[in-house]
Amino acid sequence: MTVASTSSQFETSNNLARQYYAKLNRKMLLVAAGLILMVASVVFDMTSGPSDMSIGKLLSIIISPGSAEAGARVIVWDLRLPIALLALLVGAMLGMAGAEMQTILNNPLADPFTLGISSAASFGAALAIVFQWSLLPDFGGFIVSANAFLLAVSTSFILFAFTRMRGVTSETMILVGIAMMFTFNALLALMQYAATEIQLAQIVFWMMGSLARATWTKVGICALVIIIILPWFMSRNWSLTALRMGDDKAASLGVNVRRLRIEILIGVSLLAATAVSFVGTIAFVGLVGPHMARMLVGEDQRYFLPLSAICSGLILSLTSIVAKSINPGVVYPIGIITSLIGVPFFISLIIAVRRKSWQ
Amino acid sequence: MSLKVDGLSFSYGRKEVLRNISLEGIEAGKLTALIGPNAAGKSTMFKAISGMLKPKAGTISLDGYHLSSLEHSQRVRLVCYMPQLFAANASLSVFDVVLLARKNLSGWSVKKADVEAVSRLLASLGIEELSQTYVSNLSGGQQQMVSIAQALIRDPQVFLFDEPTSALDLRRQLEIMTAIRDAAVERDIICLVALHDLNLAARFADHIVLIRDGQIAATGTPSQVLSSRAVTQTYGVKIDIITSPEGQIHVSAFL
Chain A
40 MTVASTSSQF ETSNNLARQY YAKLNRKMLL VAAGLILMVA SVVFDMTSGP
90 SDMSIGKLLS IIISPGSAEA GARVIVWDLR LPIALLALLV GAMLGMAGAE
140 MQTILNNPLA DPFTLGISSA ASFGAALAIV FQWSLLPDFG GFIVSANAFL
190 LAVSTSFILF AFTRMRGVTS ETMILVGIAM MFTFNALLAL MQYAATEIQL
240 AQIVFWMMGS LARATWTKVG ICALVIIIIL PWFMSRNWSL TALRMGDDKA
290 ASLGVNVRRL RIEILIGVSL LAATAVSFVG TIAFVGLVGP HMARMLVGED
340 QRYFLPLSAI CSGLILSLTS IVAKSINPGV VYPIGIITSL IGVPFFISLI
390 IAVRRKSWQ
Chain B
24 MSLKVDGLSF SYGRKEVLRN ISLEGIEAGK LTALIGPNAA GKSTMFKAIS
74 GMLKPKAGTI SLDGYHLSSL EHSQRVRLVC YMPQLFAANA SLSVFDVVLL
124 ARKNLSGWSV KKADVEAVSR LLASLGIEEL SQTYVSNLSG GQQQMVSIAQ
174 ALIRDPQVFL FDEPTSALDL RRQLEIMTAI RDAAVERDII CLVALHDLNL
224 AARFADHIVL IRDGQIAATG TPSQVLSSRA VTQTYGVKID IITSPEGQIH
274 VSAFL
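Heads up: the protein sequence lines correspond to chains A and B, in order.
First residue of the first sequence: 40, per the numbering used here; consecutive thereafter.
First residue of the second sequence: 24, per the numbering used here; consecutive thereafter.
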């Protein structure tokens with residue numbers, strides 16, 4: 040033990056407590072700042088587009104749609120609002136899914152895209168588009184999304200089954216994910232080969248990832264999934280934080296590691312599958328958002344999880360703005376833009392990971 | 024208060040790791056050292072006592088109360104196991120992880136009393152300068168200190184430390200063993216420590232248990248166990264025991 044006098048030890052411990060509270064306040068401020076930026080981005084997203092709209096006009100149409108002219112009301116309520124909200128919600132879902140995938144698999148490169156879940160969803164969608172096969176009965180207009188959802192969930196569980204095998208490292212998991220991605224991409228190519236021209240166009244458009252398919256039903260379902268999953272994950276915040284110190288350490292603190300992993304994987308599958316099945320393949324958002332959050336507030340899940348959702352929601356919302364600003368009058372599929380931004384980040388992350396902590 | 028292990032057996036698949044282990048008289052307020060070669064079953068025994076592994080046979084009781092009748096979350100509050108490895112690569116500060124151990128995984132907010140307790144402990148262990156450092160940036164020895172702090176911040180009835188000094192320098196080894204022994208005496212709790220260093224065991228333990236191939240090879244006071252033929256046979260080395268005029272035992276081993 041250090042030979043320190045009682046009074047200086049008392050002073051030191053007071054300083055440590057003060058430092059802790061200062062850090063805590065900083066984390067709360069960062070989460071609040073993220074929220075404000077996110078709201079600002081959504082508002083900006085709604086005001087931007089071929090038909091210019093001031094914030095004042097936008098707010099008046101939102102608050103009293105009855106008194107607005109029909110054209111403007113349709114633009115705001117049927118087009119811009121669902122798209123802006125879906126961008127935000129899908130981004131948040133992918134961010135939460137990525138954050139917890141990275142946590143339970145102890146792997147910084149885990150996200151729905153890198154682990155092949157998005158490819159599986161694309162294959163499911165293609166099955167519905169080409170053969171009209173529905174893997175789930177009675178889904179009417181949602182056959183494509185339902186198929187994509189089922190394949191995405193199944194892939195998550197196959198990945199989880201691999202994690203239970205002895206000697207499987209986090210690097211192996213990524214390789215299994217890549218293998219999945221190639222397998223489903225090959226199956227998808229088969230579907231494309233068998234497809235008619237119209238079906239092929241539908242598949243390609245689906246795979247590019249687009250918010251153009253936004254509807255209020257989809258916004259509602261995404262919001263519902265977040266409302267269910269976020270508190271569920273948050274209620275396990277200490278256990279998830281403990282898991283980052285290794286399975287043995289978490290178990291010694293009372294975490295039922297196996298049950299926690301299964302619970303979180305179910306939630307993650309639901310988040311990733313819902314997001315991907317509604318908007319198609321959107322790469323790297325689930326990877327970049329959590330890494331930004333980790334850099335800002337660390338991995339205390341009380342702040343890490345909400346900030347991951349906020350950062351990813353913000354990224355997709357900003358991407359939605361970029362998608363319609365590059366060439367006025369044309370809305371590019373956001374999947375293309377997230378990939379263009381995400382790939383350099385992904386590579387820099389791999390290089391950084393080799394040097395830094397996650398090894 | 025005393026811990027009793029009766030007929031404990033455990034297997035990893037077909038490999039028998041613990042074979043009918045029975046131990047009595049592990050008393051509160053005293054330090055019991057568990058010694059034995061690598062893969063003798065020390066960590067497995069700790070994990071079985073803590074409830075992390077379910078034994079094939081046998082019972083573990085605290086003052087006659089069977090620990091298997093407790094929920095896992097209740098059991099880990101009574102029995103605190105400090106794992107051998109602390110492979111944290113997380114973006115979590117030292118303060119965060121010690122507080123995490125104090126929190127018992129419950130609630131959202133953090134009590135002022137818990138923050139103060141963590142602050143006092145870090146200061147008393149002399150690792151206050153690491154308080155806001157991420158555990159991923161610590162050396163092996165520093166991570167071990169943090170792991171020990173995570174155990175000491177808790178308030179169990181039984182401490183199980185698995186090789187707590189393996190990555191520490193000489194001074195830290197003595198400091199940590201002193202802190203563990205003080206915790207056992209001052210809190211009047213049961214304290215088992217798995218050790219490879221027989222001199223540390225001789226110096227700090229009141230009682231030593233020698234394990235070989237998943238069985239108890241010898242048990243007794245340090246002078247009884249360390250001078251027994253069982254130690255020589257277990258480790259496959261020659262051992263010289265020197266007792267100083269103050270009664271301190273020193274162990275020298277030769278091939």
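Since the hints were made in silico from the structure, they are not lab data.
Keep in mind that a hint or two might mislead.
[What the hints assert, rightly or not] In the DSS-like style, the derived pairs of lysine-lysine whose C-alpha atoms are separated by at most 25 Å in a straight line are: (1) K66(A) <-> K79(B); (2) K134(B) <-> K62(A); (3) K62(A) <-> K126(B); (4) K27(B) <-> K66(A); (5) K62(A) <-> K27(B); (6) K363(A) <-> K79(B); (7) K134(B) <-> K77(B).
Status of the hints after comparison with the structure:
1. K66(A) <-> K79(B): violated, 47 Å
2. K134(B) <-> K62(A): holds, 16 Å
3. K62(A) <-> K126(B): Distance of about 18 Å is within 25 Å: holds.
4. K27(B) <-> K66(A): This hinted pair is violated, its Cα atoms lying about 47 Å apart.
5. K62(A) <-> K27(B): violated, 45 Å
6. K363(A) <-> K79(B): Distance of about 64 Å is beyond 25 Å: violated.
7. K134(B) <-> K77(B): violated, 34 Å
The structure does not agree with the numbered hints 1, 4, 5, 6 and 7 stated previously, though it agrees with the rest.
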